[in-house]
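Undergrad: Spelled out from the first residue to the last, the chains are:
4 protein chains.
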Amino acid sequence: MNSFGRKYRISIFGESHGDAVGVVIDGTPAGIALTEADFTADLDRRRSGAKGTTPRKESDAPHIVSGIYNGLTTGAPLTILFRNENTLSGDYRNLTDHPRPSHSDFVARVKYGGYNDPRGGGHFSGRITLGLVAAGVVAKKIIPDINIVARILEIGGCSENIAELIDGVIREQDSLGGVIECRAAGVPVGLGEPFFDSVESVLSHMLFSIPAIKGIEFGTGFGVARMRGSENNDAIIDPCGTTATNNGGGIAGGITNGNELVVRVAVKPTASISQGQQTYNFASNQVEELKIKGRHDACIALRAPVILEAATAIVLADFSLLNS
Amino acid sequence: MNSFGRKYRISIFGESHGDAVGVVIDGTPAGIALTEADFTADLDRRRSGAKGTTPRKESDAPHIVSGIYNGLTTGAPLTILFRNENTLSGDYRNLTDHPRPSHSDFVARVKYGGYNDPRGGGHFSGRITLGLVAAGVVAKKIIPDINIVARILEIGGCSENIAELIDGVIREQDSLGGVIECRAAGVPVGLGEPFFDSVESVLSHMLFSIPAIKGIEFGTGFGVARMRGSENNDAIIDPCGTTATNNGGGIAGGITNGNELVVRVAVKPTASISQGQQTYNFASNQVEELKIKGRHDACIALRAPVILEAATAIVLADFSLLNS
Amino acid sequence: MNSFGRKYRISIFGESHGDAVGVVIDGTPAGIALTEADFTADLDRRRSGAKGTTPRKESDAPHIVSGIYNGLTTGAPLTILFRNENTLSGDYRNLTDHPRPSHSDFVARVKYGGYNDPRGGGHFSGRITLGLVAAGVVAKKIIPDINIVARILEIGGCSENIAELIDGVIREQDSLGGVIECRAAGVPVGLGEPFFDSVESVLSHMLFSIPAIKGIEFGTGFGVARMRGSENNDAIIDPCGTTATNNGGGIAGGITNGNELVVRVAVKPTASISQGQQTYNFASNQVEELKIKGRHDACIALRAPVILEAATAIVLADFSLLNS
Amino acid sequence: MNSFGRKYRISIFGESHGDAVGVVIDGTPAGIALTEADFTADLDRRRSGAKGTTPRKESDAPHIVSGIYNGLTTGAPLTILFRNENTLSGDYRNLTDHPRPSHSDFVARVKYGGYNDPRGGGHFSGRITLGLVAAGVVAKKIIPDINIVARILEIGGCSENIAELIDGVIREQDSLGGVIECRAAGVPVGLGEPFFDSVESVLSHMLFSIPAIKGIEFGTGFGVARMRGSENNDAIIDPCGTTATNNGGGIAGGITNGNELVVRVAVKPTASISQGQQTYNFASNQVEELKIKGRHDACIALRAPVILEAATAIVLADFSLLNS
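Chains as they are written, first to last, in numbering that gives the first Met the number 0: chain A, 0 to 323; chain E, 0 to 323; chain D, 0 to 323; chain Z, 0 to 323.
Warning: the hint list may mix true and false statements.
It does not matter which identical chain is used: a pair holds within one copy or between any two.
[What the hints assert, rightly or not] Restricting the straight-line Cα-Cα distance to at most 25 Å, the calculated cross-link-like pairs of lysine to any residue (SDA-like) are:
id, residue 1, residue 2
1, Lys56, Ser158
2, Lys140, Leu289
3, Lys290, Ala243
4, Lys50, Glu230
5, Lys290, Ala234
6, Lys140, Glu153
By construction, these hints were calculated from the structure, which means they are not laboratory data.
Using the sequences and the hints, build the whole thing.
TA: Below you can see the structure in the form of structure tokens.
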């Protein structure tokens, strides 16, 4: 469902075109300095605006509703709310009947009997990740010694000339996917739990909940399938557990081994594209062209790095609190 | 920790060289026919014996300790126990001090203060997956209309001449990884939950708990990162939701869409290899050669398909029970 | 922590004198009609105003932030917010140092290192139960065939002349406890789970989270300790499972048996009383008189029946959804 | 379902007349000395034998199946198994059709469609509490500074001449209930979590899962309903938080306050009595006399103290691990 975590537990809510989206964060230790300004940097990185991102502009101003007293966390649940402002809901009316390919429209129609909010994807919208980014800001404060950085590795299969590539797909009313990598340095040895709560298990659980992610790999990832053990094995070279190579991506036996945590995700091209698509219309009972109106990202991967960082921080903060 | 699932909840236990390994399964509906013979086919597929698998031979005879009456499930927890028989524990004594590269030895030493059972990997052993396979057999009976089949796509980067390849690494005291694909047909529309309990999230959580898996992708997976939306989008072509392509691997918006569920995993080469490895020895405080004794799989991926099927069945059974 | 439930899962948040209190409700089925007006009747029953309740007046206007579209639930999380309006926080400044007897002040001081919000009890305040009442209104709609009614059995040990009794304690700057009973009719056979999720277990878990409750009993409750089996046993008299007596309170073996569910709770007298109390002052390091300012209920039990109904409805809705 | 706990998580399984009953304990810290002999004292206290307890004799020999290496816990799941030996299952055949009053027979018939194991109550049997007692032994080792003692306060309403009373009900083929009190000394300040995971909430959840418990109260319990705040309030008298009175039973605001934890439970008279009872027979479709064969406790409360201690230890160990 819509909550995650064992000691640092977050519950997200909201719809793209409803009143607000937000998050309740339970389990934050008391005494951490936190103001609304602390969210600005990460929220700005998530916000649209660059070429290839949606023209929908939102101020994304966080409002801390609970859990703070005198500028410090209290140990009670933090609630952070983001009002939706720039909604143009007229665009979405017909999507329940004529569902967008590779979007949630069809499954939501079946699962919720047509009662789901279709405007802007409703609760399936990427806008819900605002709450994740906010929870990530708090999580980073819980694990100040861990440094988490995500970056774009490639867009549309290319690692260069990305701006030109994006210009092209915008012209062609199309979209592009990409690969993002997230690295965390300073992770202590021993985070994660055997068997079902391995670091890979819990982190992938969180990461695959981010809309549009279709693949995850740790360290050398799919590359290990083509390696021999003698190449892939990460020999330990000092008493801290530092390894000569890091094919495991900082994880051995499901537990962090003190080396850099490395995870990569594949982000699919935005499903909503403006060019016409031939797909089934449940009103007319036939395949016919769908022209999607509304405002969309040509490449959602451009906005994903900070979301990956947040997701990683949330998981590492939870493991750290469990371990302490 | 060592339990998984919301309505079909399994708890695994045991060590490679202890008395037994096993599983407690809670939430099985009452009235399902189940005998110890029902486990034979899948356990046989997991068992070693083929070239490239460990010479350790175990009968893997399941013993149903609870939850059955008159040959039918009762609705109470099922407990299934597998005695360990063919253990040769002398082989593992020094691994706490001289931990194997890319194995759990070092992290277990730190996390459990040296109290973990080091024999055969202890609780980190792949032998623990016996309980998963058993839970998978029961899960398949809960969702009889879903047909789940996993197969090896490639070993060591090759999809052909696998036997020769394995002969080679055995001679060279090395090991090989591989890629396994699992497909589930007959999945109804609507399994999975937004946001954190998407099918990708929950299934990857389960799959990454299987030792040696380092990458997971759904449908076209990492391939989507190089595609345009117009190529990647799966157009719906009939009122059942059948799509012309299946790049999404049977999942849209985190929810099953009625098309074939497709997931692939990367299995790393077995970490335990017989050739010497230079790695840190905590007793002598220096990097020195480690020669691993004991009996190991040259390619653990060979035994993985039935484990993948089991994991997929467990997750789909849980989602089905939650949905009903 | 601050969330409860397996399929109907609620997360509460807020502080007595912060911006707002509220609740996120996950797992509500889609398609249930719900407007802000639907909450009025139950919120009014919880609100203060009658003699013996606090003079703090709050409008308690619910604001539905998410989860509704066209007046119907969507299946996505419902978020309901109540702004705090009538706060007078000056009254609470010294309570961290001079903690109120039988209040959360001392334990919060230790547990949260003094960072908790002390104003009006902060997150420990009974005001948090607004979210419970709201979640109860929704829960009642999920189980429309179950009729839940709670009533005051006794106040200060008396079942009559309660108004006079309350006049007395107000004059004497004191407070009174009481016993409340909640009955649910129309409960189907088979709700609850063995072993740890018996109806008594889960319902008492929920009910003891309501501040001030110190005892819970089902059916004849503590009375059964003085009975013989031949008296206490509830003989079944028809094929529906109707019993001649109902000493079990509608529960046998932890599972509902189709008879009326009967639960009683003991509510302690409000801990905050205006008369002086000799208790330890951590600033002066001695026992000295504490005079509690602020506005308090002389008998919190008077406002409890609707909260009990809500708690019971939430638990029965969750069990019903799990069972379906 | 059949598991409980957040960091010290137990899963129980087994049936009264099946192969075995047992428990899997996850989350035990590594390095705790534990042998099968450590269970003897508490298991002996639970065992039948005294007048008023069932003539069924079981050796109750614990078998540690996993989680121990060199006599110490490893951090991996502990599994403890108890074989059933002295079963006489012929006695229970007709109870599915002619369900015992106030027993689980009728609800199990409905909930499990008649597939439940009826022999000796199957999974609903008090024999399942063997696993609880075992988990309690381990829990007590996790919190060695907390001293937990339970005792019988009254049987059949009497605190004296209990032996005579029991003689009487045995002669009359009847049974008796009782009240048990459990006290824990040495509890640190700060265990428990607001709101839903108050100590009262979590401990009552656990305690009400023990068959036959119908009421629970903390400290003065139902007595507080007849008190004024000025009497009930526990004034703090020293900097450790010691209170002059302990009406709260060591809990304030749902959190332990460092004073003695006091909880009392009402145990109903054993439902299985040998005298004839008029109750509905689903085979003949009429109310008719049921004569219960088999061997039963005339007063199950006599065996309950050690179970209460175990339950309390499990909850306090879990809270301690969460807090550390």
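Undergrad: Confirm or reject each hint.
TA: Hints, verified against the model:
{"no.": "1", "hint": "Lys56 with Ser158", "in the structure": "neither (27 Å within a copy, 49 Å between copies)"}
{"no.": "2", "hint": "Lys140 with Leu289", "in the structure": "neither (45 Å within a copy, 38 Å between copies)"}
{"no.": "3", "hint": "Lys290 with Ala243", "in the structure": "between (53 Å within a copy, 18 Å between copies)"}
{"no.": "4", "hint": "Lys50 with Glu230", "in the structure": "between (41 Å within a copy, 22 Å between copies)"}
{"no.": "5", "hint": "Lys290 with Ala234", "in the structure": "between (55 Å within a copy, 13 Å between copies)"}
{"no.": "6", "hint": "Lys140 with Glu153", "in the structure": "neither (29 Å within a copy, 43 Å between copies)"}
The structure fails hints 1, 2, 6 (numbered hints given earlier, in ascending order).
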